[in-house]
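Q: One-letter residues, chain by chain:
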Amino acid sequence: MAPQTCRRPDKSMESKALNNATKRLWKRWGWIFLFAVSLLLILFTPLPIPSNSPADRNIRIEASMFQFSPGELKVNQGDRVTIELVSTDVVHGFSLDGYNFELKADPGQTATGTFIADKSGVFRFRCSVACGNLHPFMIGKLKVGPNLLLLRSIALSLLAVIAALVSLRMFPDQQSRYIK
Amino acid sequence: MKKEYLARSLVILFILVAVTIPFAGQWLSGRNQPAAIELHARMPENGGWSPDTIQAEVSQPIHLHITSDDVVHGFAIGKSDQPALEIIPGEFIETTLIFDKPGKYTFYCNRWCGPNHWRMRGTIEVSGTGTPLALDPQPLFLKLGIDIDAPQPAKTIPSKTTSAERGAQFAGLLPAYAKNRDTYLSTSPENLWLRLRAEATLSNLSDNDLWDAVTWIWLQQTTMDALANGQKLFANNCAACHGETGKGDGVMVRGLPVWNPGLHSSGDSPHLSTGEGFVSPPDFTDPKNMLGASPALLEGKIIRGGMGTGMPYWGPIFTAKQIEDIVSYIYTFVWGFSNQE
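Read top to bottom, the protein sequences are chains R and F. According to my numbering, the first sequence is numbered sequentially starting from 1. According to my numbering, the second sequence is numbered sequentially starting from 1001.
Any given hint could be a false lead.
The calculated SDA-like cross-link candidates involving lysine to any residue, where the alpha carbons are at most 20 Å apart (straight line), are [claimed, not checked]:
(1) 104/R - 1206/F
(2) 1247/F - 86/R
(3) 1155/F - 1206/F
Some but not every residue of chain R turned toward chain F, in silico, with C-beta under 8 Å [said to hold, decoys possible]:
(4) 88
(5) 90
(6) 106
(7) 110
(8) 111
(9) 114
Keep in mind the hints are simulated off the structure, nothing from the lab. Note that CB positions come from ideal geometry on N, CA and C, so glycine has one too.
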């Protein structure tokens, strides 16, 4: 390492030229580099999720022909979710995509089940017992944690807008230059 | 020439054999399998069972192919210990029934399939020789002449939750008739309490002590198994209207007016199947509703139903033992006694 530091002054001219070259390079490619880095950041940064301690959630869902009420559930990741399924007309089921969770309730017999919401994202739940002609449309949504996909895509589209504006500013005559 | 005749007759023989094979096969397979009855289950609003009457012969097996056209139904036979079948839409379930006594049997749907679920019943008429199906003995409410349509509110009720454990310590003091099964069946808790209150030997017990004793008497007349069975039957058949906790707030009676003895009108025109004129059932956890009713009265209400409330009749469905278990279980709502340890 030491000899290299000794030789540095000798190459100062060279390094100056190199510096100028880097500067030019930076001027041309710096923005693109910046955008690429922020793109990767947006895509892959693990967002600091407000990590509230896992809570016990008791959710009572009333299933009737052909809807769940409430049809949209929101829980935090790691919560212990207890679902109480009440059927108000015929036999209904509750099966949650992505989780291995199934319930079946007869009217007058509340079915209860517990699962731990350890996977984040949006999951569909649907009636698992044929309950009439509109049975396939009897679905609902379970949201676990913040919707990261939505946040990332909003940030990405903002980045695209900024990049478009910047490229207009930086290279206003690029097209004419290429034609020359 | 002789050879040509031979060839022609051979061709005719082959054609005949070819034609006969499928017919013979059909005849053979048809002979081994007796005709199956296809039974369709639909919600009562859409027709219920189809067909709803099945003819059968004594000790001749009947083959049923059962399917559902809309929602999940059940198939069970009243007053029998035949396990109930689950009928899932789009699937065929096969079952074979053999009856060894002639008579009329009721088959019914045992899964709630709508507010008129209990109307989904059919009959199997079994003809032939043999000892006919034993008739039920006359229910106690008819023997005693109890008017099960009349409201039976209790005027005297305990001022706090009763306890059979506390009541057990007074067991030795009670007169013999109090522990008699006939007294239990025909007397309401309120009347028994009034009778015991009038006893000179029990005058040193407080009112609530006496209620504890009545609670003890009522629980003496049943067993844990019977209560568990009653609880199961109640959950399957009654809770959709009477509520899982007996409060009369079941899912099927939401929005219906509250039961009120003043509304009672048994002579009116029959109710339509739309549920018009139905009321929500009384609160079993309220001592005022329960303590004036004797087990015989409750048994009558379960067997006959009606009362102008929309209560179904369970006489052809439940055995006497099952009704007894349900009655014992219904009383536990008011005794503040829970079967869940």
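Q: Going back to the hint list, which numbers does this structure go against?
A: 1, 8, 9
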